[in-house]
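For the record, the sequence lines run as chains A and B. First residue of the first sequence: 1, per the numbering used here; consecutive thereafter. First residue of the second sequence: 1, per the numbering used here; consecutive thereafter.
Since the hints were made in silico from the structure, they are not lab data. Every clue listed holds true.
To give a feel for the contact side, a few chain A residues facing chain B, derived at Cβ under 8 Å:
id : residue
1  : ARG80
2  : PRO93
3  : LEU107
With a straight-line cut-off of 20 Å between C-alpha atoms, the simulated EDC-like cross-links for lysine to aspartate or glutamate are:
id : chain 1 : residue 1 : chain 2 : residue 2
4  : A       : LYS106    : B       : ASP145
5  : A       : LYS74     : B       : ASP136
6  : A       : LYS74     : B       : ASP145
7  : A       : LYS106    : B       : ASP136
8  : A       : LYS215    : A       : GLU238
A virtual CB, placed ideally from N, CA and C, is assigned to each residue, including glycine.
Now for the letters of each chain:
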Amino acid sequence: MAAALEFQQVSKTYPGSDEPAIQSLSFEVPAGDICVLVGPSGCGKTTTMRMVNRMVSITSGEILLDGRSVLDRKAYELRREIGYTIQQIGLFPHETVAANIATVPKLLGWPKDRIRERVHALLDMFSLPQDMAGRYPAQLSGGQRQRVGVARALASDPSIMLMDEPFGAIDPITRGRLQNEFLRLQGELRKTIVFVTHDIDEAIKMGDRIAVLKKGGVLAQYATPAELLLAPVDAFVEDFVGADRALKRLALLRVRDVDLWKAPRVRPGDPVTQAQEQLADSDLPYSLLIDADGKPLGWLSDRDLAGERVPDEAGTAATPRLDQDSVLRDALAELLEEDTQYGPVVDERGTVIGVLSIELIAQFLASKDPRELDPPERAGVEP
Amino acid sequence: MSWLTLFAQVQIHHRASDCESNNGFCPDWIIKNFGDRYVDPFFRHLELVLISVLVGFVIAFALGIVAHRRRWLVGPVIGLTGVLYTIPSVAAFLLLVPITGFGLLTAVIALSSYTLLIIFRNVVAGLAAAPAEARDAALGMGLTDNQVLWRVEVPLALPEIFAGVRIATTTTVGLAALAFFANAGGLGGLIFGDLVFKSNVVVAGGLCIVMAFVLDGLLLFAQRLSTPWVRAARA
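Chain B extracted, bound-state conformation (with noise of 0.2 Å):
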C-alpha cells in the first residue's frame, strides 16, 4: 500500500453545470448530492470521534484516578502524553499503518492517543480542586478513601472532567479529518479528494464544524444535568 493507491480512491466527478465546472458553491448540486455522497462518510466521522474520545477518556480518567493517589506518577504520565500529543498527526497515522494496518483500529489508536493530555491533566487537577475541609469532614465522618474519591472528588471534579472532554472531543473531530490516511473514512476524504471544488469543501468541513459544535452542546448539557450545584452557586 502506498500513497498512491490512498489517493487513487479520490474521484474527480463529471462537472454538468456553469456553477460546478467552475467549481463553485453550487445549492443545487449540494442538494442532489447530500444523501449520496456526505450522509455515510459523516456517521463514519461521528463514530471515529465517539469511540476514540470514549477510549481516550477510559485511558485518561484510569490514569488520572491512580496518579490521584499517587502523585509522582503525574509528571510522568504527562511527559509521556505529552510526547504523543507532539507527534504530527497525519506522522501518527502513518506511522502506525505498518503495525496495525489501515482502517479504524489505527484511526482510533492514534486519535484516542491525542486526547489523553487533556483529558489526564484535567482530571488530575479536577480531583485535586475538592475543598480540602470537604475531604476531611468526609474522612472525619467516616467514609472510606474510596468512598471519598467516588462521593467527593469525582462529583466535586465533574466540571473540570467535562471541560477535558469538551475540548478533547472538539479537537478530534478536526483531527479525525485526517483519518482518511489510515483509511478509516470520514469526512476526510471527501474535503482532501477534491479540494478545489468549493460546494465539496464547504459541505464537507461544514458538518465538521456542525459536529463539533453539537457534540459540544451535548457535553455541554450533560455537564449542567451533572452538576445542579454549579449553578446555583452562581445565582
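Here chain A stands alone, though its shape is the one from the complex (with noise of 0.2 Å):
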C-alpha cells in the first residue's frame, strides 16, 4: 500500500544562517508516483528529501505521509517505515550482502527465516546470484552495490522511498541499466517515491512529477515532464531543462506508444499484383518482405517486383529494426545512425507491427500535446 506524500508549506533554516535553505515549499505526492525533486546544486534538493525522514529537522510547516504527520512518532521509528539510499551508498562494509540487506528487517524483529526468505527474495528481484548474499560489499562491482543499496532499502517493503542520486556513482552505461531495471521494478511494486537527482535527463526519465527547484529552496515548477518540457513556468526553468527540450519530450514517449505507419508486407511468392496494391494504398514508396514469423526481411525496389511472384530476397535490408519499448530519443538516433527515412517497428517476438518515420518524429515535435498524433494511417497489423 502506497502512501502519499505531502509537503504544508515546508521552511528550513539550518542553525547560524540567516538565509533559509528551503522557502515555504508544499506539493502533494500521490501514492505510487515518483516524484523526482531536482535543480542545481545548492537548491536544497536533498535537504527537501531528508526531511521526510528527519535526518534534517523541519523548521517550520508539515510533512504528512498518508495525512500523519512525520514529528508524530519517533525519529527511529519513522525511518524504519521508510526505504533510504543514498549516492555514496552507505553498505556496512563489514556485514556481508545478506546482512546488509537484512538491515530494517532485524531492526523490525522480523523472525529468521522470514528474513532469510526475503533477502533470496530481494537478490532475485535484483538480478543478483543466491551466493552473493555471504560476499561483502568490497566484493562487489560499482552497479551490484547499488542494486543491493536499493535491495536493502526495500528490504522492509517500505510504501515510501527516499532516493538520493541512486545511480549517480556510477559508469553511464550501467546507470542506463538500473534505471531501466527500476522502471520495472516500480511498475510492479509502485511505491511512492522521492528521487533527488541534478541531471534534469534522469528527471524526465524517472519521474512522474519533477519539482524543479532553484537556489534558496524555492520550488520553480512542479509538473509532469512532459507539461515541464512543454511549458516551462519562467526563464529559469526553461534554462534549466535545456534549449534541447523539444528534442528531450523524445525520451518521454516508447515506439509502441506512437500510431506507426502501417506496412505494406508481403511474403516470399506473394503474387507481385497484392503487393502493388497494397503499396498504392500507403505512405511507404517501398514493400516490406517478411518472412512466415512476420519478421522482416527487407524492403523490395520496384526491380524486386519486377517478375510475377515476389521473391524470396530483397534489394535493400530492412534497418534499423526498432524495438517497440524504445523510447522516440533512441530510435530517431538508430534511424539517424543508418541514415535512412524510416525503419521497420518489431514486438519482442521480433515480428513487425509497424513502421517508424522520421516525418512521424517531426509531427510528434510539432504537437502540443505529445499523446495527440495525427499519423497518415493507423498501424492495423493483421495476423
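Dock chain one against chain two, each of which comes alone in its own frame, and use the hints as you go.
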C-alpha cells in the first residue's frame, strides 16, 4: 500500500544561517508516483528529501505521510518505515550482502526464516546471484553495490522510498541499465518515491512528477515531465531544462505509444499484383518483405517486383529494426545512424507491428500534446 | 621496606660446572633448572600482563566510547594519559609502593596506566574512521545512536582497536619485567637477580620475547576471526 506524501509550507533554516535553505515548500506526491526533486547544486533538493525521514529537522511547516505528520512518532520509528538510499550507498563494509539487506527487517524483529526468504527474494528481484549473499561489499562491482543498496532500502517493503542520486556514482551504461531495471520494478511495486537528482535527463526519465527547485529552496515548477518540457513556467526552468527541451520530449514516449505507419507487407511467393495494390494504399514507397513469422527481411524495390511472384530476397536490408519498447529519442538515433527515413518496428518476438519514420517523429515534435498524433494511417496489424 | 629488602631476595646460585662458573650459556643447566626456576615466574608474568592489559583496555575503551560522543574530551584524555605514559616506569612502581604497597595491585595499576594512551587513541581513531556514508545510511534506516555505535562504528573500529591492544600487550610484556620493583614477581626478578649469568638472562629474557610473540600472534588471530571483511576487501 503506497503512501501519499504532502509538503505543507515547509521551510528549513540551518542554525547559524540567515538564508533559508528551503522556503515555504508545498507539493503533493500521489501514492505510487515517483517525484523527482531536481535543481542546481545548493537548491536544497537533498535537504528537502532528508526532511521526510527527519534526517534534517523541519524548521516550520508540516510533512504528512498518508495524512499523518512525520513528527508524531520517534525519528527512528519513522525511518524504519521509509526506504532510504544515498548516492554513496553506505553499505556496511563489515557485513555481508545478506546482513546488509536484512538491516531493517532485523530492527523490526522479523523472525530469521522470514528474513532469509526476503533476502533471497530481493537478490532475485535485482538479478543478483544467490551466492552473493555471503560476500562483502568490497567484493562487488559498483553496479552490484548500487543494486544491493536499493534492495536493502526495499527490504521491509516500505510504502515510501527516499532515493538521493541512487544511480549517481556509476558509469553511464550501467546507470541506464539500472534506471530501466528500477522503472520495471517500480511498475510492479508502485512505491511512492522521492528521487533526488541534478540531472534533468534522469529526472525526465524517472519522474512521474518533477519538482524543479532553484537556489534558496524555492519551488520553481512542479509538473509532469511532459508539462515541464512543453511549458516551462519561467526563464529559470526553461534554462534548466535546456535549449534542447523539444528533443528531450522524445525521451518521454516509447515507439509502441506512437500511431505507427502501416507497413505494406508481403511474403515471398505472394503475387506481385497484391504487393502493388498494398503499396498504392500506403505512405511508404516500398513494400516490406517479411518471413513466415512476420519478421522483416528487407525492402522490395521496383526491380524486385518485376516478376509475377515476390522473390525470396529483397534488394535493401530492413534496418534498423526498432524495438517497440525504445523511447523515440533512441529510435531516432538509430534511424539517423542508418541514414534512413523509416524503419520497421518489431515486438518482443521480432514480428513487424508497423513502421516508424522521421516524419512521424517530426509530427510528434510539432504537436503540443505529446499523446496527440495525427498519423496518415493507423498501424493496423493483420495476423 | 627498602631497596635492600628487595635485593635480599636475589640468590646467588651455586655454580657447579665450568660453563656455569664462567657465566656462559649452558644448555645442561637450563634443562635442569628450567622447570623449578622459570615456569612459575613465567605464568606470574603472564598473569600480570593479561590483567594489566585487560584493565587498561576496559578503562581506555570506556573512555574512548564516552569521548567519541563528546569530542571535546579527546584532548584532555590524551593529555592525561600522555602524562601517565611519560612517567618513567621504574619511578611509577616506586611511587605507588607507599600508597598501594608491594604486590600485584601496584604492578597492575602502573602497567595498565601505560596501556591507556595507546588503546584510547586507537579506539577514538577507529570509531571516528567509520565511513560517514555508512553512518548516514544506518541512521537513515532507523538505527538508534547506540545501535549505530555497537553495530556499525565499533565493528568497523576493530582493526584499529586490535592494533592498539597488540602494541599495548607487547609493551606490557616488556614493562612487566620491572614489576619486581613492586615485588609483584614475574620474569624481571630472575633477569635482574643474576644479570651476569648468560644462561639465566637468555632464558628469562627469551621467555619474555616468546610471550610477546605468542600473545601478539593470538591477538592477530582473534583480529582476523573478528574482522573477516578486511581480508575479503583485499582479495
